[in-house]
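Just so you know, the sequences run in chain order A and B.
Residue numbers 152 to 409, in this note's numbering, belong to the letters of the first sequence in order.
Residue numbers 309 to 572, in this note's numbering, belong to the letters of the second sequence in order.
Treat the hints as calculated values from the structure; they're not laboratory data.
Small disclaimer: the values here were computed from a predicted structure and weren't measured.
Take these hints with a grain of salt, some might be off.
Computed spacing ranges between beta-carbons, pair by pair [claimed, not checked]:
hint : chain 1 : residue 1 : chain 2 : residue 2 : range
1    : A       : S194      : B       : S454      : 23 to 31 Å
2    : A       : G220      : B       : S454      : 36 to 44 Å
3    : A       : E382      : B       : W554      : 33 to 41 Å
4    : B       : Q561      : A       : Q335      : 31 to 39 Å
5    : A       : M221      : B       : L417      : 29 to 37 Å
6    : B       : P314      : A       : S272      : 38 to 46 Å
7    : A       : S212      : B       : V379      : 30 to 38 Å
8    : B       : S454      : A       : S397      : 37 to 45 Å
9    : A       : S272      : B       : K562      : 20 to 28 Å
10   : A       : G214      : B       : A400      : 30 to 38 Å
With a Cα cut of at most 25 Å, we get these calculated DMTMM-like pairs of lysine to aspartate or glutamate [what the hints assert, rightly or not]:
hint : chain 1 : residue 1 : chain 2 : residue 2
11   : B       : K562      : A       : D281
12   : A       : K203      : A       : D236
13   : A       : K222      : B       : E473
14   : B       : K562      : B       : E473
15   : B       : K311      : B       : D565
16   : A       : K222      : A       : D186
17   : A       : K203      : B       : D456
18   : B       : K311      : B       : E568
19   : B       : K311      : B       : E473
20   : B       : K562      : A       : D236
21   : B       : K530      : B       : E359
22   : A       : K203      : B       : E473
23   : A       : K203      : A       : D281
24   : A       : K203      : A       : D186
Every residue gets a Cβ at the ideal spot worked out from N, C-alpha and C, and that includes glycine.
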Amino acid sequence: MEAAAPIVNFTSLQKRYGAGPLVLDGINLAVRPGDFISFIGPSGCGKSTVLKLVSGLSPWSSGDLTVAGMKPRQARDRQAFIFQDATLLPWLTARLNVEIPLRLRGASAGERQARAREMLSLVGLANVADYYPRQLSGGMKMRVSIARALTLAPQLLLLDEPFGALDEMTRNRLNEELLALRRQSPFTGMFVTHSVAEAVFLSNRIVVMAAHPGRFHAEVPVEFPYPRSPELRGRPDFQAKVNEVSRLLHEVEEPVTA
Amino acid sequence: MRKLPPILVWLLPVVSGLLFVSLWYGVRAVSGLQSWILPTPLEIMQAAWREHTRLLAAASHTALGALGGFVLAAVLGFATSLLLGVSRSLRASLYPWLLVLQMTPVIVLTPIIMLWAGPGMPGIITITWLISYFPIVANMTQGLLSTDMHHVALFRMCNASRLQEVLLLRVPSALPFYLAGLRIAATLAPIGAIFGEYMVGNSSGGSGGLGFLVYSYNTQIKIPALFATALTSCLLGFIFVAAVSWLNRALLQKWHDSFERTDH
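Put together the whole structure using the sequences plus the hints.
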């Protein structure tokens, strides 16, 4: 059986800013529909840049990149981006924040409101729909941000270290919720993180990256079937996978120079 | 730093005010200055009472001029900032000239303005506008350029149009800056109006506001009344600032960090 056409396809891609050094070099990757790929690597390896390229927020220098067979910018209505901080607009309530993508598309007020309420209850925040962001905890803000990203049911979700600023308990909870949301509203995920355990728990593929220039060092398949339960984290084969990725990550760590 | 108990917040300014008044009486007693050079606070109050009809009429005249200039500055300031904030080339071509305008002392321009706009209310409103316009433009433009880059990226990802980006993102996020500009303008507007009235002097036919009273009391050497005029101007300024503070609170209280409550 032939594999489905990739939703994101990198071919020998290079990226540099102006005349500066290479930020990304020799990037080849086919993201298949349904994949959840994590990108992990030392700082400066260009993992966030990978997402920026896919979203069309930043151009590449040579090679090629397609999203759903199109140029990234043309495929924007199929994707959503979740940033490291929740990037909620502070002057809008949680519900109005979730409504933004619909509002920018010119949806009617009634449609927006119904959809936003639905999304907020999906992330368990129906009761704080009328709260302003500053009244919400970090975890709640991130849930609102996820709800906002999923309002238009994107095929592709780009997540740039979304849980990096949260405590571990909240982070684990949100990891579980993210996988649960994927069952209700299936999306392909591209996820940037610093946490190996998080990458193993969420992904079916992990790309370990190296820096200077940013490049793919190794790809690790993660075969645990979905749905995954929190108990997975306690299993020895989970720990073995975490160790395997950590070892690869260790290989690309730059030697400390005195 | 520990917060002051609420009673002290009210009490301390009263105590320092009383100390200041006693010092005033002390200086007057020791120096032996005449009432027409340094009137006592009581004499100022008596003058204020004696002249209260004139003072109130003048104050409302000044308030009108100040309000006219202030509203003009608020509206034009908003519009100008939108142009400057949205277009790089407009900003490059206009901002230096705005600075030139701001750097030119209003006192130099006053005779020209009076010549062009006429010595009555139009001239006074123009001077008030001129003096309170720049802080609004400078603040609001800064605000429009300070939009969070992640918010901009979010809007771009949603294929937002330029107009949507400005109206739904840049303007609301610049609102606190705009209000900060309005606050500065509110302190300047009454000063501008009074200055305008003073410069017009008796050429407006004696119907001027507080600025005209300053001119007239001064020529009559009614020094306690002059102090009373200062007091009235001060009150007028407070009313302007209080109004903007109220607006600020009404628009920002719910969401802005400057109104963060610490008790929850």
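Structure-based check of each hint:
{"no.": "1", "hint": "A:S194 to B:S454: 23 to 31 Å", "in the structure": "26 Å, holds"}
{"no.": "2", "hint": "A:G220 to B:S454: 36 to 44 Å", "in the structure": "38 Å, holds"}
{"no.": "3", "hint": "A:E382 to B:W554: 33 to 41 Å", "in the structure": "57 Å, violated"}
{"no.": "4", "hint": "B:Q561 to A:Q335: 31 to 39 Å", "in the structure": "37 Å, holds"}
{"no.": "5", "hint": "A:M221 to B:L417: 29 to 37 Å", "in the structure": "58 Å, violated"}
{"no.": "6", "hint": "B:P314 to A:S272: 38 to 46 Å", "in the structure": "42 Å, holds"}
{"no.": "7", "hint": "A:S212 to B:V379: 30 to 38 Å", "in the structure": "52 Å, violated"}
{"no.": "8", "hint": "B:S454 to A:S397: 37 to 45 Å", "in the structure": "41 Å, holds"}
{"no.": "9", "hint": "A:S272 to B:K562: 20 to 28 Å", "in the structure": "23 Å, holds"}
{"no.": "10", "hint": "A:G214 to B:A400: 30 to 38 Å", "in the structure": "36 Å, holds"}
{"no.": "11", "hint": "B:K562 to A:D281", "in the structure": "11 Å, holds"}
{"no.": "12", "hint": "A:K203 to A:D236", "in the structure": "16 Å, holds"}
{"no.": "13", "hint": "A:K222 to B:E473", "in the structure": "23 Å, holds"}
{"no.": "14", "hint": "B:K562 to B:E473", "in the structure": "22 Å, holds"}
{"no.": "15", "hint": "B:K311 to B:D565", "in the structure": "18 Å, holds"}
{"no.": "16", "hint": "A:K222 to A:D186", "in the structure": "20 Å, holds"}
{"no.": "17", "hint": "A:K203 to B:D456", "in the structure": "17 Å, holds"}
{"no.": "18", "hint": "B:K311 to B:E568", "in the structure": "15 Å, holds"}
{"no.": "19", "hint": "B:K311 to B:E473", "in the structure": "40 Å, violated"}
{"no.": "20", "hint": "B:K562 to A:D236", "in the structure": "21 Å, holds"}
{"no.": "21", "hint": "B:K530 to B:E359", "in the structure": "11 Å, holds"}
{"no.": "22", "hint": "A:K203 to B:E473", "in the structure": "19 Å, holds"}
{"no.": "23", "hint": "A:K203 to A:D281", "in the structure": "32 Å, violated"}
{"no.": "24", "hint": "A:K203 to A:D186", "in the structure": "18 Å, holds"}
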